[in-house]
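**Q** Line by line, the protein sequences give chains P, E, G and C.
Residues in the first sequence are numbered consecutively from 1, following this note's numbering.
Residues in the second sequence are numbered consecutively from 1001, following this note's numbering.
Residues in the third sequence are numbered consecutively from 2001, following this note's numbering.
Residues in the fourth sequence are numbered consecutively from 3001, following this note's numbering.
These are calculated hints, taken from the structure and not from any lab test.
A portion of the hints provided could be inaccurate.
Said to hold, decoys possible - Label-pair distances were calculated between CB atoms; the ranges are:
id: 1; chain 1: G; residue 1: Val2091; chain 2: C; residue 2: Pro3269; range: 37 to 43 angstroms
id: 2; chain 1: P; residue 1: Ala169; chain 2: E; residue 2: Leu1121; range: 50 to 56 angstroms
id: 3; chain 1: G; residue 1: Glu2151; chain 2: C; residue 2: Asp3116; range: 56 to 62 angstroms
id: 4; chain 1: G; residue 1: Glu2110; chain 2: C; residue 2: Gln3164; range: 30 to 36 angstroms
id: 5; chain 1: C; residue 1: Gln3455; chain 2: E; residue 2: Thr1112; range: 24 to 30 angstroms
id: 6; chain 1: G; residue 1: Ser2171; chain 2: C; residue 2: His3024; range: 55 to 61 angstroms
id: 7; chain 1: P; residue 1: Trp242; chain 2: E; residue 2: Thr1112; range: 46 to 52 angstroms
Ideal placement from N, C-alpha and C gives every residue a C-beta, glycine not left out.
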Amino acid sequence: MLVMLSSPHAHGGDSIRTMMLTVILALMPAAAVSVYLFGWLAVLLIVVCMLACLATEAICLKLMGKSLTTLLDNSAALTGLLLALTLPALTPWWMAVVGSVFAIVLGKQVYGGLGYNIFNPALSARVILLISFPLQMTTWLAPMSLAVPPVNLYDLSTCLTLFFAGPDALQLGLDAISMASPLGHVKTEWTLGVPVAEALSGYQYSYLDAFLGKEAGSIGETSVLALLLGGIFLMARHSITWHIPFSYLATVALLAALFSSISPDQFAPPMFHLFAGGLMLCAFFMATDPVSSPVTPIGQIVFGVGCGILTWSIRSFGGYPEGAMFSVLLMNCAVPLIDHYFRPRVYGHESGRE
Amino acid sequence: MTEIALILLSAVLVNNFVLTKFLGICPFLGTSGKVETAVGMSFAVMFVMTLASVCSWLVQQFILVPLGLEYLQTIFFILIIAALVQFIEMMIHKTSPVLYQALGIFLPLITTNCAVLGVALLNVQQEQTFVTSALYGFGAAVGFALVLILFSGLRERMEVSPVPALFKGSPLTLITAGMMSLAFMGFSGLVKI
Amino acid sequence: MTGLFYALLSLGGFALLAGVVLAIAQQVFHVEGDPMVDKVDNLLPQTQCGQCGYPGCKPYATAVAALEAEVNHCVPGGERTMLAIADLMGVEPKAVEQEAAAPMLAFVREDECIGCTLCIKACPVDAIIGAPKQYHTILADHCTGCELCVEPCPVDCIDMLVKPELIEHWSWPLPKTRRSQLGHERREHHAGHA
Amino acid sequence: MPAMLRNLAQRLGMMAHSFDGGIHPAQHKISAALASEPCPLSPIHILPMKMHIGAPCTSLVAVGDYVLRGQKIAKSEGYVSVPVHAPTSGRVVRIEEYAIPHPSGMGIPSIFIESDGDDAADDSIEPISDWRGMDPALLRERARMCGLAGLGGAVFPTFIKLVQDSRFPIETVVLNGIECEPWLTNDHRLMVEYADEILTGLAIIMHMVKTDSAIIAIEDNKPDAAKAIQLALDARDDLDDVRVVVLPTRYPQGSEKQLIYSLTGREVPAGKLPMHVGVLCQNVGTTRALYQAVVLGQPLTERMVSVSGDAMPRPANLRVRIGTPMRYVFARQGLEDFDGVRILHGGPMMGELLRHPDVPVVKSTNGMLAMREASFMSAHTQEQACIRCGHCSEACPAGLVPNLLADQCRSDQFDKAESYNLFDCIECGACSYVCPSNIPLVHYFRYGKGQIAQQRREKGFAEASRVRSEARDMRIEQEKQARAARRSSVRKTHPPKVEAESAPASEPAESSKMEQESKD
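Turn these sequences into a full structure, and let the hints guide you.
**A** Shown next as structure tokens:
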């Protein structure tokens, strides 16, 4: 019998595969900066995470009796890349592998695979790692861009040792090679009563360095420039729309501007917030993950604003210096409700809902 | 004013009963299948929890403490909660038979919702005043309602997913609740109370 | 001693108070009948066929609402009705005992009909017209296909025919893709669970 | 007055004409430059009894009857219906069920006419040259009588729309020459070749609904059509307040509601008709058919059909008699072997896949496309999971959220789908077109709509059955009481007079009572 096929009998030619590939391409500038800053360590992290994600995905598919061709949709590779870019350079190899397994298994496959996951897989793995290994996940290796880098990361063998055996094997004290991230520094100083401006000057903070990425942080999150380039590429390719990144960043900036003008000692200025931590990475690549974000433009704006409020609140008042990851995960929980309550207005109706 | 906001914020987000204190898990899992049911349950719990905190505070201050009967705390509080639950059960049966049917056994089981007794006992333990204990009860209930409704939205979405047979039902529900709990860890330290 | 006295008095007094309040509430929130009966009845196909073991749709609805009957006894309603009732009642779906057959129509072979009126009395929806010693005819628009008229007919002149499909009533089937079956797998899973 | 401002801005060219959503599918209008040609008479014509939206017709002819071209052979039943006319002269050879262009592949009763080759016309319908002096009601009857139905594809009986309602006066007539479906060029050719006839048709419509204002909407991929219409318009001394508006090409601009929004900034409220916002929308083909019906006295027996597709040896725009077997038309254009070829009735976006070419050309046949299997199936590759990219909601001209709707339909959550406005979906296919996961969204919506319609029918039937059953129970109860009363009164040796009168006197009741009594 003829299979019943409904119109339309034409298709625009988009596919999941190319969409995912576009995102991977858009992450290339950030990955390049991470290699510049952290040398072979960044390469090792990215490769291990991507391979681990692909392998885990393959095993999951095999176990569930599904076709391995799903691997070709590039989504597992993208998850691996995203996860690697959110990790600190000193992450040991096994932690990267554990994170990748979490991302694929708990983040995605238990829900039924791509398209059904509720939380962003890379972010959920990142948060699991942060909560399980708080020390390692907040120890930031000083990048190679410093005048005197404590350890030569462009040397493959050094990096291999660091990655697989840890800093102890090189007889390097953690204090010697690590430094605080700007966000962490400001937070600790404020708890000691030091105002923001003083803390920043003590840190020798420079907006230009932060924009270019010459600061401590997770390997892929430091360079605002690279992430902006990637984000613009995504928007140009119509992979994402402006709604989430814009509303997210604008909310953080507005809140920061408002509160830093009220109490400049306690609250950091908007530029600092925008350039710091994982905000740019989250705004352009994590919050915009189509599967775990709302579908409609209005919903996306609500989502972005929610992320912005939460990020700024956690950064300003919370126990963790960085709130971007948590805020995206928290808003992920609200996506079904946002989808339900913020639908577009239907043609010929007063509102989207009856 | 700030104090009120902080108490509420703390009870709703930071010390969320379900996700950080792990109280009231049973109704949380039991009534989160559908958003509508979850909303109904949320209002019922909000009603019971707020009134239970108020009543138990009154009983504590004006009956138990003056008479030196603090050791009867638990039994008194359970009595209060049971009466409140009975009351709201009758009310829901009258006003919304469908919700009554949907909540089913979980409605009378609010009685044994440890979050309700928990909030009453914590109020006493933390030596709250009348106003703060009412706020704390209300905040805890709002926190419960918030995660219950969010979670029911997630579960409705998971309902149409091709979840592997191994994880269907409770396993995935628990994993998701765990992930939510992880996300709520982000609020830790937000309010220092 | 006084401590014990106070304890008993206060506890008893408090319980009495709660009891009085609840008694008043009972009066205020008194529910007449069971509103669920009509809701269940609305979901039933009203064939009045009695295949559920109850004399008609309403009696079955009453039994379901009172939790005396399982939700899966309605044969003509099939799986969809079962799921709707289970959903309404908030109970686990159960596998339907018998797959619903294609909708049927009763048809009287008029030249064989002896005009005994037995089928007229059996029809639960008055869909058969005719007088004694006259041919009987079944109104196709009203026949529910319950088959209750077949048994009483002394000359076996009533056939059950498959209801003809109209092009106006044709509707698209689910797309034949793996993913499209998921919603249905979900139901089968539920049903298989029981 | 935002609508007015918008309108003004559009008139001044300050604001682009635009509706929400929409896509830009590849055009493939390969037959655009081909002048239309008549399709020769086929030896047999098959006329289904229903070629419009609404009630089917009943045959007026018997096997063996001789009919003339334009003779009414089936009469309409009910208000929303138009009659069927013989497309050529010849003999009725059969009246039986035959497949129509419908996705189900099912058939309906059809009249088969064997052509005698004379093509003798029935000239009983008088041409009307002085239609300006005529009562619109008579012209409306003419439109019904001549079997006019919307030739854009919806085939809604035209006369119903051509009505003057004092509550909803028509301010503007919109002439739809958009033709946004890829491949199709039939309206395009009509506008190029029959511009003046179309304008006369438009003038008749404007006379019928008593308005002076009209907009002729054409997409910018048909500059020659716009030019031809403009030239014809300039050459006339009537139709002063008629404008040709060239809109940027975008699918589904030709959809009535979207077009009205693009042109006037007015939205047709859900469940309402264009006339409720003072607009009447007509397709150019229908308008020309109205001209033929009124001025020439010719019923609708022929229409323009685009014959195209990547597997079509000789694409063409043909004037085909309604009822001509498609296989005959395809053969004329050089396509005889249908192996590895899929045929579509209509355009690729909203047209239906046909199982075989043995169906007749009907009033809704705007195109017949023959597509190569491979290119056809590339639009129907394996459905993957939805990644919620939101491209479908962006493309949806109705403002729906297609992916959520499809999930609801897929898992039979029909109540929810309805509350998400499933029935506002116009099935334009823009969502499926852009879906990176190749989800057949429209198919899901059709499934959902069909299931809901079926449930409503069942519900209505159940309700009626319940009423009948309750009435029966009540009657039986009354009979029982009557009997009991009678029995007790018999015991008291009183005649059961009053009760007998009050008992219902329906026939089955009466008979069953007699039965009971005899048993007693």
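**Q** Which of the listed hints are not met by the structure?
**A** Violated hints: 4, 5, 6; rest satisfied.
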